[in-house]
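S.K.: Single-letter residue listing:
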Amino acid sequence: MIEVDCRGLSCPEPVVRTKKALKDNAEIDVIVDNRASLENVKRYASAMKKAVNAVQEGSAWRISIR
Amino acid sequence: MEKDKVRLTELVHSSGCNAKLPPGDLDAVLKSLPVFPNGKLLAGYETADDAFVYDLGNGLSMLQTVDFFPPMVDDPVVFGEIAAANALSDIYAMGGDPAVALSIVCFPSCLPLSVLHDIMLGAIGKAKEAGCTIAGGHTISDREPKFGLAVTGFAEKSRVWQNKGAVPGDVLVLTKKLGTGITMTALKGGEADENSVSEALLSMRTLNRKSKEQAEAADVHAATDVTGFSLMGHSSEMAAASGVSIVIDWNRLPLLEGVKYAQFGFVPEGRYTNEDYIGPDADTSALDQTERDIVYSPETSGGLLLAVPESDAHLIDGWVIGRVTEKRDKNVFVKK
Chain A
1 MIEVDCRGLS CPEPVVRTKK ALKDNAEIDV IVDNRASLEN VKRYASAMKK AVNAVQEGSA
61 WRISIR
Chain B
1 MEKDKVRLTE LVHSSGCNAK LPPGDLDAVL KSLPVFPNGK LLAGYETADD AFVYDLGNGL
61 SMLQTVDFFP PMVDDPVVFG EIAAANALSD IYAMGGDPAV ALSIVCFPSC LPLSVLHDIM
121 LGAIGKAKEA GCTIAGGHTI SDREPKFGLA VTGFAEKSRV WQNKGAVPGD VLVLTKKLGT
181 GITMTALKGG EADENSVSEA LLSMRTLNRK SKEQAEAADV HAATDVTGFS LMGHSSEMAA
241 ASGVSIVIDW NRLPLLEGVK YAQFGFVPEG RYTNEDYIGP DADTSALDQT ERDIVYSPET
301 SGGLLLAVPE SDAHLIDGWV IGRVTEKRDK NVFVKK
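Those sequence lines, one after another, are chains A and B.
First residue of the first sequence: 1, per the working numbering; consecutive thereafter.
First residue of the second sequence: 1, per the working numbering; consecutive thereafter.
Hint data in this document are derived by calculation from the structure and do not stem from the laboratory.
From the three backbone atoms N, C-alpha and C, an ideal C-beta is built for every residue, glycine too.
A short list of chain A residues far from chain B (calculated; beta carbon distances all over 10 Å):
1) 31
2) 59
3) 64
Under the rule of at most 25 Å between Cα atoms (straight-line distance), these lysine-lysine pairs were calculated in the DSS-like manner:
4) B:330 with B:164
5) B:260 with A:23
6) A:49 with A:23
7) B:157 with B:210
8) A:19 with B:260
9) A:49 with B:260
10) B:260 with B:335
11) B:146 with B:20
12) B:260 with A:20
13) B:260 with A:50
Computed footprint of chain B on chain A, listed as stretches where at least three residues anywhere in the stretch have a Cβ under 8 Å from a Cβ of chain B:
14) 5 to 12
15) 36 to 43
Could you build all of it, start to finish, from the sequences and the hints given here?
M.R.: This is the structure in structure tokens:
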């Protein structure tokens, strides 16, 4: 599984990296550590007609995009 | 570093009015501080107005405001113009005329000084258009560039507009389209197309001077401008200060082309903290997620928001976006 670690990054960088990773991979996990990034990555993945599931892991979220 | 290689937006963490501290955090600090009363201060920070109002005692009021932020565009001249238009707007939102200003500059020592020159050049040009002189300033070295103005303006005491005073039956006029924050977030992400960007830049560079002068012919009951706290935040402040509620019609909101990027997640961070703070006093249940993103997103150098009698609305170039009602259980309702 491709994991895109976006901890420490602020918007819109996590969305940009998610987009890049989805170009070469149908399924990825994106790790974010703030709510704006969580919401914005979910918006991008949904707009790309992907199934999105986010799980909190400590102070971060793992967003599974399938 | 060569001048043509400088990308101002790559040096900063956040940009424009999106860089504002979350409203709830600021409010908590302000409420914990003592207030030293001053009989000549007709409006201070406790009213959440755009500028303070100081009674000069001769029928004139002095208005004072300060606004500065990191760049949202790479062109230093355009950044200077936008930062100046944004700071000057607070004076127009209070019904005043800007007279003199001081610049506030944070500038990285690694950048060529020509960049600072160009930022200042943009600001001076925009201030001149407003009839305002930049008479001094203060510059410090900082890792992230930031620029803005502290502006002094004047208005006849009886003609100062505040965010209180809206009465049931008034209509709300907005003088610029929404979507600058979303468009600039998409630009930072390398997504925004040229048309969306140029439309947003033109809007942000435009002074609110003409809107203010048109509104002087109307009976303005309350006024503010739409900036970092979003349409929802600034409407909510007006409703709370006036002791009324505001009903906004989603279908009448003027939108920049760039709002199309919200659905792809190009939404400014401030949108989320704005809803945290304002949401309990607002009803946006009629809206879908993207529509809510638009009304809660920070704007940079946004339009004036004016509460006027319906018969006066035609005097102002803008959009009638809603109306004022008796006080209800929420400050702001957005209907479809």
